[in-house]
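2 protein chains.
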Amino acid sequence: MSADLQMMANAIRVLSMDAVQAANSGHPGMPMGMADVATVLYSKYLKYDASAPKWPDRDRFVLSAGHGSMLAYSTLYLSGYAKPTIDDIRNFRQLHSPCAGHPENTELEGVESTTGPLGQGLAMAVGMAMAERHLNGQFGDDLVDHRTWVIAGDGCLMEGINHEAIGLAGHLRLGRLIVLWDDNRITIDGSTDLSTSEDVAARYVATGWHVESCDGHDFADISRAIDAALADDRPSLIACRTLIGKGSPNKQGTSATHGSPLGADEIAATRAELGWVYPPFEVPADILDAWRAAGQRGSAARDEWQKRFESSSSKDEFARRLSGAVDGNGAIRSYLDNLLANPAKVATRKASEMALEALTAALPELVGGSADLTGSNNTKTKSTLAMTRDDYSGRYVYYGIREFGMAAAMNGMALHGGIIPYGGTFMVFSDYCRNAIRLSAIQHQRVVYVMTHDSIGLGEDGPTHQPVEHLVSLRAMPNLLVLRPCDAVETAECWALALDRTDGPSLLALSRQNLPQLRSEAAKNRCARGAYRLRAAAAPRKVVLVATGSEVELATKVADALEAQGQGADVVSMPSWELFDAQDAAYRADLLPPDALIVSIEAGVTLGWQRYTGANGINIGIDSFGASAPAEALYDYFGFSVENIVSKIHSKLMV
Amino acid sequence: MSADLQMMANAIRVLSMDAVQAANSGHPGMPMGMADVATVLYSKYLKYDASAPKWPDRDRFVLSAGHGSMLAYSTLYLSGYAKPTIDDIRNFRQLHSPCAGHPENTELEGVESTTGPLGQGLAMAVGMAMAERHLNGQFGDDLVDHRTWVIAGDGCLMEGINHEAIGLAGHLRLGRLIVLWDDNRITIDGSTDLSTSEDVAARYVATGWHVESCDGHDFADISRAIDAALADDRPSLIACRTLIGKGSPNKQGTSATHGSPLGADEIAATRAELGWVYPPFEVPADILDAWRAAGQRGSAARDEWQKRFESSSSKDEFARRLSGAVDGNGAIRSYLDNLLANPAKVATRKASEMALEALTAALPELVGGSADLTGSNNTKTKSTLAMTRDDYSGRYVYYGIREFGMAAAMNGMALHGGIIPYGGTFMVFSDYCRNAIRLSAIQHQRVVYVMTHDSIGLGEDGPTHQPVEHLVSLRAMPNLLVLRPCDAVETAECWALALDRTDGPSLLALSRQNLPQLRSEAAKNRCARGAYRLRAAAAPRKVVLVATGSEVELATKVADALEAQGQGADVVSMPSWELFDAQDAAYRADLLPPDALIVSIEAGVTLGWQRYTGANGINIGIDSFGASAPAEALYDYFGFSVENIVSKIHSKLMV
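First to last, the protein sequences are chains A and B. Residue 168 is where the first sequence starts when you use my numbering, and the numbers rise one by one after that. Residue 168 is where the second sequence starts when you use my numbering, and the numbers rise one by one after that.
Hints in this document: simulated from the structure, not taken from any laboratory. There's no promise every hint is true.
Treat identical chains as interchangeable: a pair holds within one or across any two.
In silico lysine to aspartate or glutamate, DMTMM-like type, Cα no more than 25 Å apart, as pairs [what the hints assert, rightly or not]:
#1 LYS549 <-> GLU484
#2 LYS819 <-> ASP751
#3 LYS819 <-> ASP757
#4 LYS474 <-> ASP667
#5 LYS474 <-> ASP226
#6 LYS549 <-> ASP360
#7 LYS819 <-> ASP762
#8 LYS250 <-> ASP456
#9 LYS815 <-> GLU745
#10 LYS221 <-> ASP456
Please construct the entire structure, taking both the sequences and the accompanying hints into account.
What follows is the structure, given as structure tokens:
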């Protein structure tokens with residue numbers, strides 16, 4: 168068997184080096200170094216069926232060291248997934264090839280997550296492992312009983328998020344998570360000795376993990392280490408001692424193989440070294456047969472699972488959860504009716520909690536949490552009990568002071584399926600998890616970010632805690648829906664929009680301070696169009712006040728002052744730029760007519776507002792960092808007062 | 168002595184709880200819990216002179232758990248710093264009080280760094296400790312011989328950046344760094360058991376640290392632990408076992424003391440418990456005298472240092488380094504002359520290296536580095552040898568795969584003084600260190616971020632590695648100067664601007680791909696005005712093409728095509744929005760005249776450009792994530808082609 172395994176592994180090596188050479192771009196070192204480990208994993212341990220990539224009870228595999236993408240593409244092709252084809256691999260890193268530079272979950276069904284930003288693959292795998300145990304807790308072993316595997320490199324382990332991710336995994340004792348560490352002691356700059364002196368194994372043990380090590384080029388030793396990992400109830404790290412670029416006689420073991428093609432000469436030398444006599448992109452039948460057999464290993468298990476599923480009393484609910492079908496607007500209906508009958512003057516973070524009480528009661532797939540700000544983010548509800556190592560069926564995660572780890576874990580849960588994750592922190596700390604938010608957006612995952620304390624309105628905590636540039640910088644991110652509701656009604660509507668959105672993340676920007684309920688009807692979800700006329704001018708319209716979130720109340724007061732002077736002013740609430748931009752031109756022009764003075768009011772930087780107010784409009788905002796003082800004092804100090812705004816409008820109207 | 172120490176510590180406790188009560192906002196728990204440790208530190212170990220807060224050889228103290236700001240304000244006031252006064256403390260968290268919600272380095276000389284975003288204080292302290300050893304390596308024990316002390320909480324240790332920071336410190340064996348961990352086992356959500364099961368001490372040992380623990384309320388035991396830390400040549404963590412809110416009889420040891428005032432009743436009970444009979448904001452003379460004596464402990468050492476400094480042969484250079492005085496424009500003069508004589512078609516990341524060769528040779532205070540992308544960021548020069556645990560005098564830091572840790576360490580070096588730090592990573596990973604960039608800006612620190620691979624122009628690595636929203640999201644950050652040069656000349660000019668800027672950070676956005684040299688004169692730094700007319704229209708002007716960085720070349724080609732058809736087109740290069748916005752209206756209107764069609768061209772999101780192009784202009788950009796393909800294919804696919812842009816301009820001109 169070992170000889171076969173060797174040739175199977177060499178197939179990965181050769182496909183990888185040839186594809187990188189053809190693209191004249193890419194990373195051959197990792198796939199060649201980890202080919203032996205991957206071959207053992209795919210031919211003996213990983214539970215999968217290449218003919219059914221979406222089988223719900225499959226093991227999940229995450230290539231956290233995403234630059235080694237050819238390892239993923241090679242194993243998927245060899246084991247018989249419908250995609251990628253050998254032509255796709257031939258077109259590695261070319262426009263429209265699913266074999267992108269880094270693995271993209273939207274391109275290939277066998278790619279469980281988009282990786283490349285180091286550390287996040289492993290951190291998403293933690294979320295997948297949490298999802299598996301959680302759904303196991305809810306549906307039992309018959310339907311949910313799989314593992315999560317990761318291949319990670321030194322970079323994944325050095326990144327800060329690694330600490331957060333393994334801390335969470337160790338605390339939750341996620342024994343079905345196994346990380347295969349490509350311990351090659353090489354980074355881009357050279358030897359790991361240049362930058363680290365850490366005892367990685369000891370750190371993992373200190374964090375609640377089981378650690379093994381093995382010779383990453385000895386098939387039996389790899390199996391021994393994996394067997395030991397399977398037998399331990401802690402999450403496991405297996406240090407696979409490897410040579411980067413293994414097989415390349417003159418370059419292996421050096422950073423030269425990391426991120427560049429080997430070159431024609433070295434490729435020829437490698438073929439000789441490996442005894443590989445076949446041309447590029449050709450795998451001999453016997454080796455391909457062995458791989459295809461590996462790809463079918465799971466089919467019997469899948470048949471049995473399918474039988475259990477068909478006869479399960481939970482069949483419909485399990486299928487519904489996995490399908491991701493929800494009706495957010497329906498789920499808030501009766502809550503909204505009650506809100507209209509009993510208006511609430513509350514902070515929108517509190518309004519979010521009120522909406523969540525209704526939503527979490529109706530939707531068991533909602534799994535919440537907070538990065539140690541539960542009472543501030545208002546993310547916990549009566550329906551969401553704690554998820555612990557003793558009871559994974561709970562629906563609330565105490566993520567600890569780990570914003571980045573939380574966001575990545577939420578991505579992992581969403582990718583796993585069956586869960587809609589939401590989690591809270593202070594909005595200023597969106598900076599800490601920003602790239603994970605970006606990965607939610609790139610991966611088209613329904614993750615809901617509950618970002619409270621969304622402006623200088625948080626008051627005394629001062630500039631380090633006051634977001635000013637965050638709203639626009641988040642709006643700039645493609646495929647992220649940013650929602651900043653102005654009252655309890657809009658907050659509920661925004662929650663419904665976030666849940667009904669199936670192809671990307673949403674971010675709720677919520678106030679610390681109390682806000683009056685401005686909406687007295689909710690027949691339809693008015694936030695759905697991104698902006699709407701909350702109040703029409705009484706006197707002939709001179710001004711349109713466009714505001715978001717906590718500043719909509721201020722806009723209504725400015726309108727009052729203007730109307731009292733006979734100057735008509737519309738008030739437009741604009742909870743979402745992205746949704747408004749998607750409306751037709753007539754709707755947009757009706758709200759923001761060219762013959763009125765358009766005034767934006769938002770407690771954030773003014774950058775970006777010019778596209779709504781035009782060059783002749785007025786932008787009320789804060790283009791500096793905030794300060795430490797009570798919220799009312801800050802609003803006044805930074806010019807968010809009726810007097811100041813009316814005065815600016817008067818000056819402009821008189822020009 | 169212990170009795171005195173107890174009353175000195177109680178003064179911190181009472182000032183802290185009273186100030187929080189007066190503000191009706193703040194965090195009494197940490198100052199009360201760590202009062203005993205802080206008293207030992209300030210009265211026995213910390214080398215400082217309250218009458219000379221800027222003494223260069225003072226120990227640095229960083230309150231990483233910045234929410235406990237009253238601990239800092241109390242110790243500064245008690246030990247006799249000119250500021251804060253007792254009235255400042257009385258006005259804790261009020262507008263214009265230097266006693267802000269979290270400590271701000273710009274408000275009080277005794278506050279070495281702005282803290283609050285958890286984990287970063289400790290990470291900045293690592294940079295301070297690096298700066299100390301580096302300057303010691305350059306100037307010797309006579310001038311530089313101090314320590315860096317940190318008080319950190321559980322949050323600081325759970326954050327991902329902690330892993331990066333302590334990994335760097337352990338690797339560099341920064342034995343003069345001592346972290347006093349407030350081991351109170353309480354976070355905002357409750358017991359640390361809710362979210363972590365880590366053996367913190369074992370993790371630190373695994374990372375190359377020395378670890379002690381002590382009873383944080385036993386003065387002798389605190390001293391014993393600190394003495395052990397002083398004797399060890401590794402960085403030290405001292406786990407100080409404390410009761411959060413110590414002294415509050417009914418609330419100590421609970422999260423109730425963390426972030427809320429104790430309330431009048433509990434404050435009275437605490438006074439009784441502590442035997443403190445004085446009214447709020449009154450410290451009896453004997454206790455104040457004991458504190459003031461502690462604040463003078465270092466004056467003899469300072470006198471001796473001053474004598475050594477005055478007689479040192481390095482006096483002038485040391486003073487110059489500490490003053491931060493440089494002439495960036497002067498330092499690039501001869502390099503620029505050479506560049507004009509021998510134009511270079513290079514990537515701007517390469518042009519940055521060329522400029523750095525000249526700058527690092529001229530300016531020994533430049534200390535560079537990269538987060539494991541040295542060869543890609545082009546940050547290393549002949550003058551910058553590695554900084555290692557065996558030779559701290561080196562000027563290049565192999566930061567490892569630790570972007571956030573790098574950025575925070577650079578903040579620490581800049582705060583320490585005597586160093587101008589610069590460091591590189593891929594621009595997309597500005598996300599990983601974004602909040603540290605924000606802290607550079609808030610703290611007014613001259614840190615230079617070298618962000619390469621700044622658009623889809625990086626090609627095959629694909630969307631996870633291609634910044635699209637990053638330029639605008641960084642421009643949105645107050646007090647950050649974003650510079651995107653278009654060729655080798657502009658790159659040198661931007662470097663000069665970054666170095667000559669003394670009150671804030673700069674960020675260079677640099678291309679992976681080669682760019683022609685567009686500038687043929689450099690008599691004055693044209694980038695200094697943010698934008699300038701690179702080429703004036705030949706035919707009567709119809710169009711102004713405004714571009715940045717790698718798209719300026721494309722703009723010149725579009726202009727060629729338009730001119731060939733008789734349509735005059737200016738080309739404006741706009742390396743910096745911030746600098747352009749600071750110009751007078753006449754200059755701005757001259758460059759972007761209202762009677763021309765303004766067309767922005769930038770390989771990033773179009774959000775924000777409307778303020779330069781107006782509603783009737785054209786914005787050429789990319790409002791989605793990128794893709795994996797060669798750069799040329801991507802530029803064409805996303806519409807960055809002469810044909811597409813000319814066609815859009817024609818359509819608009821015909822309307």
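| Non-conforming hints, listed in increasing numerical order | 4
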